[in-house]
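A.B. asks: The primary structure of each chain is shown beneath.
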Amino acid sequence: MDIVLEVRDLSFRFDGREILQRLSFRLRRGEIYVVLGASGSGKSILLRLCGGLLSPEKGSVEIDGLDLATASKEALQALRVKMGFVFQEAALISNMSIYDNVALPLRYHTRLKEPQVQARVSEKMALFEVDRKDDQSIPAQLSLGLRKRVALARAIILEPEYLFLDEPSSGLGPEADRLIGKILKDYRKKVGASLLVVSSSPPFAFTIADRIGLLAGGRIAAEGTAQEMQGHLEKMKKWSSSVDAVGEGAPC
Amino acid sequence: MEFGVSHGEHFEGILSRGGLGAVESIGRWVRERLGYYLDLSMLLYLVFKELVSERKKGFPLVFEITLRQVYFTGVQALKVITLVSLALGTIVIVESGTQMDLLGGVQFIITILVLVIIRELGPLFTAIIVIGRSGTAIATELGNMIVAHELEAIRVMGINPIYFIVAPRVIGVTIAVVCLSIYFNIVALLGGFIVSKLILTVTLPVFLRELVAWLTATDLVFGTLKSAIFGLLIALTCTYHGLKVCYSPIEVPQMATRGVVSAILFCFTFNALLTLLFYV
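One line per chain: the protein sequences are A and B, in this order.
One rule links them: number in the numbering used here = place in the first sequence (from 1) + 1.
One rule links them: number in the numbering used here = place in the second sequence (from 1) + 5.
In short, the hints are calculated from the structure, not lab data.
Hints are not guaranteed to be accurate.
Calculated lysine-lysine pairs in the DSSO-like style (CA-CA distance at most 30 Å, straight line) [unchecked claim]:
# : chain 1 : residue 1 : chain 2 : residue 2
1 : A       : K191      : A       : K83
2 : A       : K74       : A       : K114
3 : A       : K191      : B       : K62
4 : B       : K62       : A       : K74
5 : B       : K62       : A       : K114
Please model the complete structure; the sequences and the hints are all you need to start from.
C.D. replies: Below is the structure:
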């Protein structure tokens, strides 16, 4: 069993409150692992910890054996080129057009000529059904749903080995749920990528996941395949109304 | 008044408590200021370090962002600079010229123009205009980028934010301020000449002769160096304060204001120090 991401006894505090408590899980190579949790349960914070954007109070996050907390700047930067990340609010660069947003990783990390960049951007935008007439629009002019799809296109433009996705289909509707689920599964098959998804939508999780981890009380309360997790459906209904909200802000 | 404590002891107690508290506050203030100057110096060091170490990645992109910054800070400020410099040239000539005319020393107004505008007010007024236009814009933009997680998105794409975001703004603003200062001086001199010709009947040959006699290489070098330092200070303080935003939109205007006020104070302080260094 080839482990690409190992989260060990992760603890994190924010504003004096313990958000994650000795949380552990593993992501296998080529697997889609969905962390399912209620709104405010710490899913976004967990994803940021796994992406090396936050440092844990205790515990460790290792990607392909590299401890993110102790990795050198160069090693971390090299790892990030192999990583695609989608934020909950898309986080597109606001003073760039959506075309330039999607092209940015290619233009920065590769020496591809502009026609090649154009071809790759067109391919990825078509995959997520982003209308080319919006190419020169800036993110503020678009709906959240469209911004999300552009963010997804940007995340896979370098065909990374690891994808970290924060609520990739939220706000897009059930049709988009299916489309994005299918695209991500096809992408995993084509590239052999490993995906860590955080979501509050059980239907989306069951569509896409190989394994699901239920985030409750700051830790993975239950874990298993989609079929195995069917038995925890009641728990999933309960946590959506009972888990304390921790707020959307990420600490600096 | 506490029971069992004499007036004298009580008064001494208050003094010692107040005295220690004052010393502690001063010490804390000094430590904070030193930490702030150290942070700014570190940011400046990182800008140049990352420009060298990251230069092979995305250089065309960084170059384009730098040029865009020069355009926004420099080219788009030309109208304002033209108006202010013409006005300043006029004011200097009118105020000094009428007095000099009475004393029979009309040619000395050119000396005053050189001393006042080229050495001091040209770079300083340019800096103030740039702080008002670009300083607030930069601090606000960076603050908003943090609130919207854009800076995190840049980091997670393996893009160095100092190289990609901060360095083009620092370099772009510095270049723009130097060019704007030179333009300011030229227009102020031109405005000054037009007014002096109209009010004081100074002829062009006289104006140019006095200008060449009084304008030294030191003045030109000093003026350019001052502008470059002002540009660096403006960009550094405003990017620094923009980057200090944590996660709330309320912090953005607060940090932008702090950046602007700091930039103004730095420019005036350095102006005085540089003048003392060069001309005393």
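A.B. asks: Each hint: holds or not?
C.D. replies: Results for each hint:
| no. | hint | verdict |
| --- | --- | --- |
| 1 | A:K191 / A:K83 | 15 Å, holds |
| 2 | A:K74 / A:K114 | 28 Å, holds |
| 3 | A:K191 / B:K62 | 28 Å, holds |
| 4 | B:K62 / A:K74 | 15 Å, holds |
| 5 | B:K62 / A:K114 | 14 Å, holds |
In this structure, none of the earlier numbered hints is contradicted; all agree with it.
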